[in-house]
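Build out the structure end to end from the sequences listed, making use of the hints.
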Amino acid sequence: MRPLIVASLPIKKIEDLKLIGNFLDADLIELRLDYLKDREVSVISDYFEFLDKYKNKLIITLRDKAEGGINELADELKISLLKELYDKQFLYDVEVSFLQKHNVPYDNAIVSIHYFNYLPTSEKVKEIVSKFYEKAFSVKIAVLGLKGYKEVILPLLEYENVTVIPMSNNPLERIAVGLLGSKLVYSYAIEPLAQGQLYYKKVIQIFDYINNIITSSSVT
1 MRPLIVASLP IKKIEDLKLI GNFLDADLIE LRLDYLKDRE VSVISDYFEF LDKYKNKLII
61 TLRDKAEGGI NELADELKIS LLKELYDKQF LYDVEVSFLQ KHNVPYDNAI VSIHYFNYLP
121 TSEKVKEIVS KFYEKAFSVK IAVLGLKGYK EVILPLLEYE NVTVIPMSNN PLERIAVGLL
181 GSKLVYSYAI EPLAQGQLYY KKVIQIFDYI NNIITSSSVT
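Quick note: the sequence shown uses this note's numbering, first residue 1, plus one each step.
No lab work stands behind these hints: they were computed from the structure.
For glycine and all other residues, C-beta sits at the position ideal for the given N, C-alpha and C.
One thing to keep in mind: the hints can contain errors.
Simulated restraints on C-beta separations [as the list claims (entries may be wrong)]:
1) Thr215 <-> Ile79: 39 to 49 angstroms
2) Asp46 <-> Asn108: 20 to 30 angstroms
3) Lys88 <-> Gly21: 11 to 21 angstroms
4) Arg2 <-> Asp107: 20 to 30 angstroms
5) Thr215 <-> Glu84: 37 to 47 angstroms
6) Glu76 <-> Asp208: 38 to 48 angstroms
Derived PhoX-like pairs: lysine-lysine, alpha-carbon spacing no greater than 20 angstroms straight-line [stated by the list, open to error]:
7) Lys126 <-> Lys183
8) Lys147 <-> Lys126
9) Lys101 <-> Lys131
10) Lys183 <-> Lys201
11) Lys53 <-> Lys88
12) Lys83 <-> Lys135
13) Lys124 <-> Lys150
Shown next, in the form of structure tokens:
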């Protein structure tokens, strides 16, 4: 079973929401709303009716600068939008650090933690995964490609709904963790949004090719 392929789409202006229909061949489309300013994010709820027809395809990501996002996002606005997204049953991404500070729901959400500055211990990461994985759609762990990072992320693939992202310039590492059990593999829709990201159509081709090899081998 191949991982779900996510095409990350930067929403730099509200009109970019119209681009969603161009990427429906991806399993999921991540809408990076952190590319918008606060005042633009605040009117997203006006577009829920439009987004609803794509609901099963979308991941809504609200990430401020401290969490690796592009623009600052007021906590009050973020809390309000996350609760509204939850009520309307949209899939969204929320950081562990935000959950620790605020009472927002994470049932069937993507719970993320990004290690930008250091490599955590395997025990610490497993502790976080164990706390959230039963309720979450996926627990997403992103770590820098520092020495020893593989020893940290590979044991996490024992969990069925964990997503691991090696923040490395080598795109093959993202493919590798997908083969080893990462629930999601992130790629880009228009332009790379993180190091090591491949174009989503290329990622689909790679996994389809591997699947065809495995299928044909089992037949013969």
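Taking the hints in turn, this is what the structure says about them:
1. Checked against the given bound of 39 to 49 angstroms, the beta carbons of Thr215 and Ile79, roughly 46 angstroms apart, stay inside it.
2. Between Asp46 and Asn108 the beta carbon distance is about 24 angstroms. The supplied range of 20 to 30 angstroms therefore holds.
3. Take Lys88 and Gly21: their Cβ atoms lie about 20 angstroms apart, and the range 11 to 21 angstroms holds.
4. The hinted range of 20 to 30 angstroms is satisfied by Arg2 and Asp107, whose Cβ atoms lie roughly 26 angstroms apart.
5. The hinted range of 37 to 47 angstroms is satisfied by Thr215 and Glu84, whose Cβ atoms lie roughly 43 angstroms apart.
6. Taken as a hint, the range 38 to 48 angstroms holds for the pair Glu76 and Asp208, whose Cβ atoms sit roughly 44 angstroms apart.
7. Only pairs whose Cα atoms come within 20 angstroms are accepted, and Lys126 paired with Lys183 is accepted, the gap being roughly 16 angstroms.
8. In summary, the hint linking Lys147 to Lys126 is supported, as the alpha carbons are separated by about 19 angstroms, within the 20 angstroms threshold.
9. A threshold of 20 angstroms between alpha carbons decides the hint, and for Lys101 with Lys131 the separation of about 15 angstroms falls inside it, so the pair holds.
10. For the proposed pair Lys183 and Lys201, the alpha carbon gap of about 18 angstroms is at most 20 angstroms, so the pair holds.
11. Taking the CA atoms of Lys53 and Lys88, the gap is near 12 angstroms; set against the 20 angstroms cutoff, the hint holds.
12. Between Lys83 and Lys135, the direct Cα distance comes to roughly 16 angstroms. Compliance with the 20 angstroms bound is thereby established for this hinted pair.
13. A C-alpha spacing of about 15 angstroms is found between Lys124 and Lys150, which places the hinted pair at or below 20 angstroms, so the restraint holds.
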